[in-house]
Amino acid sequence: MAKNIRLAFFLGWLVPGAGHFYVGRRGKALLFFILLMSTFFAGWVMGDFRNVYFARLRFAVLGQLGLGLPTLVISHKSMLSSLGQTFGKSASLTFGLSSSEFLPLYDVGTIYTVVAGLLNLVVALNAYRLASHTQEASVGRG
Amino acid sequence: MILLAFILPLCLVVAIVHSATRKDTPGEILVASLNFFVKLMAALLVIGAVLYVLTQFF
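So the sequence lines, in the order shown, correspond to chains A and B. Heads up: the first sequence begins at 1 in my numbering, then just goes up one per residue. Heads up: the second sequence begins at 1 in my numbering, then just goes up one per residue.
Be aware that a few hints might be false.
Below, a list of computed lysine to any residue pairs in the SDA-like style, where the Cα atoms sit at most 25 Å apart [what the hints assert, rightly or not]: (1) A:Lys3 - B:Thr21; (2) B:Lys23 - A:Ser100; (3) B:Lys23 - A:Val15; (4) B:Lys23 - A:His76; (5) B:Lys23 - A:Ser99; (6) B:Lys23 - A:Val73; (7) B:Lys23 - B:Leu8; (8) B:Lys23 - A:Glu136; (9) B:Lys23 - A:Arg129; (10) B:Lys39 - B:Phe58; (11) A:Lys3 - B:Arg22; (12) B:Lys23 - A:Leu30; (13) B:Lys39 - A:Leu118; (14) B:Lys23 - A:Phe10; (15) B:Lys39 - B:Leu10; (16) B:Lys39 - B:Ile7; (17) B:Lys23 - A:Ser132; (18) B:Lys23 - A:Leu121; (19) B:Lys39 - A:Val139; (20) B:Lys23 - A:Arg6; (21) B:Lys23 - A:Pro104; (22) A:Lys3 - A:Val139; (23) A:Lys3 - A:Ser132; (24) A:Lys3 - A:Gly24; (25) B:Lys23 - B:Asn35; (26) B:Lys23 - B:Met1; (27) B:Lys23 - A:Arg26; (28) B:Lys23 - A:Leu103; (29) B:Lys23 - A:Leu62; (30) B:Lys23 - A:Leu105; (31) B:Lys23 - A:Ile34; (32) B:Lys23 - A:Val108; (33) A:Lys3 - B:Ser19; (34) A:Lys3 - A:Ser98.
No lab work stands behind these hints: they were computed from the structure.
One chain only, chain A, in its complex shape (with noise of 0.2 Å):
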């Protein structure tokens, strides 16, 4: 059955392996969905939950949001505080470092999570071609 292409780059953009999940690649889905998530969550935890804000100037929220829907959830103030409080983070967390303070992993932290949106990217961009095989074919049986 033809798979609408924009819908599985769309979904694969917000959550990993949800456009293979609907283009019929069940254990391809399953596989980017662990992996993605992990390195993106991975690099959170090392930022101290404060690495992934949108702010001016801020170049490495353009890779975070190649992450779809943890990236925009997170990047929510309130969703912030509530999270940390999960995590046993006080309520006042706030976004990126002051000044005076250092975080040995905060930039790693950015990175894995820059890493997982970008990937993630490449990821969409597959179950857009995998879409787009499917209306070929149903173009061809047609």
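Given chain A's structure and the hints, the job is docking chain B onto it.
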């Protein structure tokens, strides 16, 4: 050494995801990701060596 401990898992993830977008069966993905991982680490080693040599002169 500590930095390498963080680079290795990230390179492994990149290698597996890159290979999984190109291959279909688990066996093919495993072989391709191992190949890509070795090439990636070799490339990083070369870049590191070049940068190290450059820092000795400049």
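Comparing the hints with the structure gives:
no. : hint               : in the structure
1   : A:Lys3 - B:Thr21   : holds (18 Å)
2   : B:Lys23 - A:Ser100 : violated (48 Å)
3   : B:Lys23 - A:Val15  : holds (21 Å)
4   : B:Lys23 - A:His76  : violated (37 Å)
5   : B:Lys23 - A:Ser99  : violated (46 Å)
6   : B:Lys23 - A:Val73  : violated (32 Å)
7   : B:Lys23 - B:Leu8   : holds (22 Å)
8   : B:Lys23 - A:Glu136 : holds (20 Å)
9   : B:Lys23 - A:Arg129 : holds (13 Å)
10  : B:Lys39 - B:Phe58  : violated (28 Å)
11  : A:Lys3 - B:Arg22   : holds (20 Å)
12  : B:Lys23 - A:Leu30  : holds (15 Å)
13  : B:Lys39 - A:Leu118 : holds (20 Å)
14  : B:Lys23 - A:Phe10  : holds (22 Å)
15  : B:Lys39 - B:Leu10  : holds (14 Å)
16  : B:Lys39 - B:Ile7   : holds (14 Å)
17  : B:Lys23 - A:Ser132 : holds (17 Å)
18  : B:Lys23 - A:Leu121 : holds (17 Å)
19  : B:Lys39 - A:Val139 : violated (40 Å)
20  : B:Lys23 - A:Arg6   : holds (23 Å)
21  : B:Lys23 - A:Pro104 : violated (37 Å)
22  : A:Lys3 - A:Val139  : holds (12 Å)
23  : A:Lys3 - A:Ser132  : holds (7 Å)
24  : A:Lys3 - A:Gly24   : holds (10 Å)
25  : B:Lys23 - B:Asn35  : holds (13 Å)
26  : B:Lys23 - B:Met1   : violated (32 Å)
27  : B:Lys23 - A:Arg26  : holds (15 Å)
28  : B:Lys23 - A:Leu103 : violated (39 Å)
29  : B:Lys23 - A:Leu62  : violated (28 Å)
30  : B:Lys23 - A:Leu105 : violated (34 Å)
31  : B:Lys23 - A:Ile34  : holds (18 Å)
32  : B:Lys23 - A:Val108 : violated (30 Å)
33  : A:Lys3 - B:Ser19   : holds (23 Å)
34  : A:Lys3 - A:Ser98   : violated (47 Å)
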